[in-house]
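> Since the structure of chain A is provided, determine the placement of chain B on it from the hints.
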Amino acid sequence: MICGQKKEMIAMLLAGGQGSRLGILTQDVAKPAVPFGGKYRIIDFPLSNCTNSGIDTIGVLTQYRPLELNAHIGSGQPWDLDRLYGGVFILPPYMGGKGGEWYSGTANAIYQNMNFIDLYNPQYVLILSGDHVYKMNYDLMLDFHKHKNADCTIAVIKVPWEEASRFGVMNADEDSRIFEFEEKPQEPKSNLASMGVYIFRWKKLKEYLIKDEEDENSDNDFGKNLIPQMLKACEKLYAYEFKGYWKDVGTIASLWEANMDILDPNVPIELDDPPWRIYSRSSNMPPQYIGENAVLSNSSIADGCNVEGKVENSILFPGVTVGKDAVVSNSILMPGVSVSEDALIEYAIVAENARICKSARVGEWKKPEIGKQHREITVIGGSVTIGERAVVPAGTTIDESIIEEVGE
Amino acid sequence: MSILGIVFSYSERENLRELTRLRTIASLPMAGKYRIIDFLISNFVNDGIYDIAVIARDNYHSLMDHLGAGMEWDLIRKRGGLRVLTPYAKSESGRDGLYRGSVEALSNNMHSFRRSMGDLVIMAEASILYSIDFNHLAKTHLNSNADITAVYTKQLNGHPTVPMGVAVMHFNENNRLYDLNINKDDMSAQDVCWSIGVFVIKKSLLMSLVADAMAFGKYDFLEDIIKRLSNRLDIQGYEYKGHLLEVSSVAGYMKANMNFLNANFRNRAFHRPIYTKSKDSVPARYCKGCCVKNSIISDGCRIEGTVINSVISRNVFIGKDSIVKNSVIMQNTEIMQGVSLDNVILDKDVIVRENRQLSGHETYPVVVEKASII
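These protein sequence lines map, in sequence, to chains A and B.
Going left to right, the first sequence walks through residues 4 to 411 as the numbering used here numbers them.
Going left to right, the second sequence walks through residues 2 to 375 as the numbering used here numbers them.
So that you can see chain A by itself, here it is in the shape it has in the complex (with noise of 0.2 Å):
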């Protein structure tokens, strides 16, 4: 017999979409399995959260690719999420003596692990996303919904006005009760925009996704079916403002950013926090050699990394090679590249294992600078080989090798 142990709150993390705005970068893995910030991937931001605010059971709900995702989170050791009770679990769609179906939205990708959440029988459940960088306690969070009483506390964060018709907005009372939630809207009445992370008296949002279930015409979606039939029931749902940095890092363009924030002081993602670490797997690489002639300015470099050439702005996962003469400015270059000599690197997202052979220009800039801000990211997908000379434009996606020179 499976014996769980009672929890007071247990975490979902839906970690099946596909995050299709990011292209090439998500085309073999899941969005969560992305990765962000020189040693990390998306993922270890909530896992991390989850391990910091005393969370120790977590469901992982996968669907898109899971493959990476699985290798990555593993036993869930570096999270500390190796428990004897709890830990983490991988949750895939499944099969049942009456057949069984692909998660067909987010409420029915916890609607089909019902059974998961009550062998640990827990009064809340946090529901989150693979898809958002930001730390946050979530145990704060609780106070603020215990103290309300609330069926249910959206965390919400305040976006620019012009941007808030992005989001899913809520419109709350002085005592931020929602009363009213607004998916994608044209003219915004509030900029509290959902932060994805939702908390919810486990009775209560089972009750809500047995019913939806039952809703033949229902898409299954939290944001969408869920959050506004419990609205129209009148139940308690509040809205608890996080303040600090989060950023859906969902396109290219606001992944490149987001990357790019970690090296600018004046954002407040500062990682190196040890009362709040974020936590990776190891990728047991040796020390980063910097050699004779690299010359090196505001950039981030994991280990294994051997770097010769010249690195400003940018960010350099682990196993990264930069030959002599090499340039490479305000990029991300994903683990195992390799830059050889006199490569030239502006404004790209290179993913895992690419090779940019000698002399290559990626993501050149011809026109006249205008101005940082307009310049579009180029992109270079995993294990694609720029060959020698070769020139890719700025702002175009490679998914395939470009061997032969490509003239000017």
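There's no promise every hint is true.
Unchecked claim - Derived pair list, reagent style DSSO-like, types lysine-lysine, alpha-carbon separation capped at 27 Å:
1) A:Lys235 / A:Lys214
2) B:Lys326 / A:Lys313
3) B:Lys219 / B:Lys140
4) A:Lys250 / B:Lys278
5) A:Lys138 / B:Lys280
6) B:Lys140 / A:Lys327
7) A:Lys327 / B:Lys321
8) B:Lys79 / A:Lys313
9) B:Lys289 / A:Lys327
10) B:Lys278 / A:Lys327
11) A:Lys313 / B:Lys321
12) A:Lys138 / B:Lys278
13) B:Lys79 / B:Lys140
14) B:Lys294 / A:Lys313
15) B:Lys280 / A:Lys361
16) B:Lys79 / A:Lys250
By construction, these hints were calculated from the structure, which means they are not laboratory data.
Remember, it's a predicted structure, so these values are computed and weren't measured experimentally.
What follows is chain B alone, placed relative to chain A:
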């Protein structure tokens, strides 16, 4: 044939001054993020040997802290795994608890070796750094029908002389050891076979040899077993030809670290993964205006100043206008602004305040003890 690895974490003949006052030689930091013992234990694990006993003698706190239960080396195993064997103080012996020699160390821990499922023992010393194929060594030992196989090298690895205190071994034309002496002076002779501290022996034979030696009050494995019994036991030589670092003096320690700045050496030392305790530090940060040349930098560092020809461990801060040259900086040290260091070894947790200048020499580096504030 299953193998038990026995690692001596201490050295009876080192002269590392302040560096080993608070730690045993095996836990001496090396190459930035590692401790010396990481290389040996990773070597065992990379060769599929997951049954390892580490013999600790004194000041082994940092060693225990580093190894923990062996998780990072994949050594939390039900069959085998890592055991750190601390001295077993017997009150009736009336002594201070330190082993009188390697034989007594083996004898006092025999209960643990006996329980191991390994029937062939590879003994090694953590103070020498190399990368050897233990499986080939074991196979060679079994094929030769020798009682003991002793690994030696003729490499000097840049040293002009054979290191002090190592065992120089003499083999006859049949590759059988007939004599052994401990090097007591600067021997510069070429073609000298000196022991790298690795021996292969059947566990049953080791047990009886150790029991026998103890009964006669003989406590040194090299002198009292290898040398004394060389006419009765068939002790075969096995030459190690790869890279090698011998750390028994402060200058040697410095030089050993500097070896890692050489690309060839690095490639050989790291051609298989070397595991170490994870610190979950952030990647190294290089600030505007920093200058780094020919150096090893570990994660968690923040570099604002200049670093040349140096090996920098984890979580080190180097402030603006500071110059660190030809130095080894251990973890969690803080070097403030305008500091100048040349040929210095900074131990852990040291703080060097603004505008301090320290300079040693290649042959005699300045060693700053753990947690000092300058």
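> Can you give the numbers of the hints that this structure goes against, from lowest to highest?
3, 4, 6, 8, 10, 15 and 16
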